[in-house]
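Take a look at the letters that make up each chain.
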Amino acid sequence: MRPAQRYDHAGCATAGILHKGGQLINGEAIIEAIATMRERGNGLGGGFVGYGIYPEMKDYYALHIMYDREDYRQPVERYLERALLLIRSERIPTRPTPGVGLAPVFWRYFGTIPPNEPRPAGESDDDYMVRVVMRINLEFEGAYVVSSGKNMGVFKGVGYPEDIGRFFRLEEYSAYLWIAHARFPTNSPAWWGGAHPFSLLQWSVVHNGELSSYGINKRYVEQFGYRCTLLTDTEVFVYLLDLFLRRQKLPWEIIPIILAPPFWDQIYRTDSAQRRALLTAIRQVYGAGLANGPFSIIIGHPRGFIGLTDRIKLRPLIAARHGEMAYLASEESAIRAICPSPDEIWEPLAGTPVDERLFEEVVL
Amino acid sequence: MKNFLPSDFLVHIGPECILCGRCVRECSFGVLEQKEGRIIAHHARCVACQRCVVFCPRSAIAILPHPSTSRHNAYWTPEQRRALLRQAQTGAILLAGAGNDQPYLSIWDHLLLDASQVTNPSIDPLREPMELVTFIGRKPDHLEIVPDENGELRLATELPPQLKLDTPIIFGAMSLGAVNLRVHKILAEAARRAGTYFNCGEGGLHEELYPYGQNTIVQVASGRFGVHQRYLDAAAAIEIKIGQGAKPGIGGHLAGEKVTEEIARTRMIPPGTDAISPAPHHDIYSIEDLAQLIYALKEATNYSKPVGVKIAAVHHVAAIATGAARAGADFLTIDGFRGGTGAAPLVIRNHVGLPLEIALAAVDDRLREEGIRHQVSIIASGGIRSSADVIKAIALGADAVSICTAALIALGCTLCQACYTGRCAWGLTTQDPELIKRLDIDEGVERVQNLLRAWTLEIKEVMGALGINAIESLRGNRERLRSIGLDVHTQEVLGVRPAGM
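Each protein sequence line maps, in turn, to chains U and V. For the first sequence, the working numbering assigns the number 1 to the initial residue and increments by one for each residue that follows. For the second sequence, the working numbering assigns the number 1001 to the initial residue and increments by one for each residue that follows.
If you're looking for bench data, these hints aren't it; they were derived computationally from the structure. Among the hints, a few may not be true.
Unchecked claim - Cut-off 30 Å, straight-line C-alpha distance, at most; resulting in silico cross-link-like pairs (DSS-like, lysine-lysine): (1) V:Lys1185 / V:Lys1437; (2) U:Lys313 / U:Lys20; (3) V:Lys1035 / V:Lys1437; (4) V:Lys1164 / U:Lys249; (5) U:Lys313 / V:Lys1164; (6) V:Lys1164 / V:Lys1185.
Sequences and hints are given; from them, build the entire structure.
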C-alpha cells in the first residue's frame, strides 16, 4: 500500500552493464554485481531493468503493472482493454524467495495504440502512452505502472536486490543492458513502488542520493503534465528525461549539462563563444531542471546508458570498459566481481557524464 | 478650532545636555527650541525620527511614547481616536508615508527554512561555489540545439533580452520627487558595483544618471513623467507601473512645493506644479490595452530590452499577473501591501491589498497551472526586511526581490512615516537643499553596498545549509519551507506543509 503523500530520501548502490555489440547477457551477472555492494542497501528495496528482454514482442509497448492486491487489477484491465490493443496479458512469473515478504501482484501487458482512438492532432504514440501511464498512476487505486517501454522491463520490490532478482527469476531473462539498484531509504516506507529503477517509456533511472532541488524539479515537470505519484525524488529524473529528450528533442549530450551544469566561472572561462552561448542559454532556460544536491545516477535507454554525478560529486560512481562491455557502479568491487581485470577503470569527474552506447551498426 | 490631539511622543532631555544646540539644528519638524538657557520641546510636533537622538553629542535625548494615557480600550485604540480627531479638525483624507504598519500577520515569520543533515550533505560556502546569478526576462519554452558543420552543438534559438543580476536583489522603484537625486545616485552607484539594478520610479531619470543606464530599470507610469525616446534607450529594462502595493488602485500626487527646477525638468512639467499620476493609465482600460503598451515600448526599443509590468497585490492578483504575462510582459513585479510610499491615503495604505507572501505564491501557482511560469520572471517586492525574507520569497517562487524601504533604512530612515511632509530629517524624502545635504553620497553608497553584501553572504550561507549551490534550485522550491502557526487555508495558498510533516 502506498504510504502517506510525501516523498522520501535514500542512500543506495547502483550498477549497470552494457554489451555494446548488443549481445544478450543473462540476468545472473547483474545480480552478482549488485549483491557485492550489499552493505550499501538495507534490504528495503532492490530492483533491475533489462533492455532487450522481450525480443519477440519488441514492437509492442510492454506495461509492467504492480497491484497492491489482486482486486485492484480488474478496473485497470477494463481500462486497458479500451485504451490499448492488447495482444498478450500475463502474470509476471515470480517464485517464493526467502528475504522477500508479502509481495504485491505483478502483471505485464503487451499492446499498441488502437488506430481509431480519438486523439489530439499531432499526438505521438508515446504521448498517448504517457497519458495512459499517468492516468493509471493517478486515478486507479492500488495500481502503479512500473515500466512502459518496448523490449524492456523493470523488476523491483522490497528486499535486498539479489533476493528481488531471484524472486522475479531474472536468470530466465537476457538483456544487452542491465541496470540494478540497492536501496537504503532513510525514511523507510517499505513500499514496492518506491524501489528503483523508475521508468517511463524507454527511459529508466537508478539513483543514489537525494535531490535538494526536488521541490522545484517536481513543480517544473508538472507544468508539462507529468504527475509525481511514486513518492520519491528519483521519479522526477524520468520525467525530465522524457520532457527533454522525447518531447523537446534535445540532443543526448545536453542532458548532463541540464542536470549538472558547469559553474558560471567555468562558463565564463570557456574559450569558444558558441559553446559559451549554448551553456549560458541552457542555464537560463533550464535552471528548474538542474538536479541539485548529492546524486549519482545511471540513465538507461535503448541504445545504452549514461552515468552522471552531481556538480561536486557528493556520491560515488566508477566506470570501466572491457572489450565490448561497459560497466558502471557505485563501487569498484561490484565491477571486479563480474569482470576481475577490466581494460580500463576510472573515476568520472564531478558532473562529467559517462556515455556508453551500442555500436552504431547494432540493429535492435 | 482647539486642537484635541494628544501628543504621540515625549522628547526627554536629560541632565547630560550641554546646551550645544545641535538637536535644535537637526530637527526639521520644529520640535526643539533653545530659549533662556534650556532646550524646550514642542512634543506634539515630534514624529520620532530619532535625528536629535542620534546626533546629540552627549546622548542626552530620548524619545518616549507619551506617558499620558486615557482609559484603555481595545476597540477604540489611540490610533483610531487620533485619526478620527484629525479628520474632525480637517475634514480631509488622512495621509501616511512608508508602508502598512498594521498588525496583520507577517507570514515570513511563520515560515521556517530547511537544512541538510547526513543524507544530503550541507555545503560549505567558503569552500564551494554558491551561485546567485539570476536572469530576468522572457525565456523560451525550450531550446533548439543543433550540430554545426563541425558537429559541435550550437544554439539555434535566439533568447529574448535578459537582465543579469549577480545577486537576486534589485533596488525598487522610488521616484525622483518622492526621494531626491542623492538617493537615486546612491542606489544607482550601489547597483552598478553590486552587479544589479536600480529602478528610477515614475518621475523620470535625471540627466546625471544616464551613465548608469545599463544598471537602470525605467518606469512608465500613468503620469508618463519624463518618458521619451532617450529615456527608454538609456535603460536596461522598462517597467510599466500599473499599481503599487502601498496604495493599490489609486494614483499619485507629488505636491507642487516638491517640484523643484530639477524635478520639473526631469519630469517634463513646469516647476511648482502638482505632478498627478492618474489612478489608471488613461490608455489602459483592459488587458488588450496593456498588451498594446507593452508592444509599443518593445517596438520603440527594437525588442532590445525586457519590458515588465508592476502590479499591486490585490485579491485577483494571480489572474491579473497571468494576463500580463500573456499580454507580453517579460517580467512581473508583484508588490505586496507592506511596500512603502512617499504619500498615500491612510485608509488605502492600511486596508487595501494583500501580503506579498500570499500574492507571490498565488501568482507562481497560477502561472504553473497555465504552464507558463518558466517563460516569465517574477520580482517580489513590498516589505522585504532581511536576507531571510529574500530566501523565503525565492523559495515561494520569486526570481528576484526588490527592496526600497530596506535601502532607505540603511541610509538613515527610521520609519517615522512623515515622508509626505517633505521634511525628512535624514535627507531622503525631501527636496529641501539644506536637508538633502545631510545625505553623504559616498557614505550612502557604502552603506547600501554593505547591506547588499551582507545579505548576499547570508543567502549563500543558508543555501549551503540547504545543500543547494545554485539559486535556481531554490526558486519555487517550497519543499524546503515549512509553516509554523499558520492556518490550513493559508498553508494551502502558500503550498507549504506544516512543520513536522
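Status of each hint after checking the structure:
1. Under the criterion of a C-alpha separation no larger than 30 Å, the hint pairing V:Lys1185 with V:Lys1437 is consistent with the structure, at around 13 Å.
2. With a C-alpha separation of about 27 Å, the suggested pair U:Lys313 and U:Lys20 falls inside the 30 Å cut-off, and the hint holds.
3. The hinted pair formed by V:Lys1035 and V:Lys1437 meets the criterion: a straight-line CA distance of about 26 Å does not exceed 30 Å.
4. Distance check on the hinted pair: V:Lys1164 and U:Lys249 sit about 28 Å apart at the alpha-carbon level, within 30 Å; holds.
5. Taking the CA atoms of U:Lys313 and V:Lys1164, the gap is about 28 Å. The hint holds against a cut of 30 Å.
6. Proposed proximity of V:Lys1164 and V:Lys1185 is supported: the alpha carbons are some 21 Å apart, at most 30 Å.
Violated hints for the displayed structure: none, as all numbered hints are satisfied.
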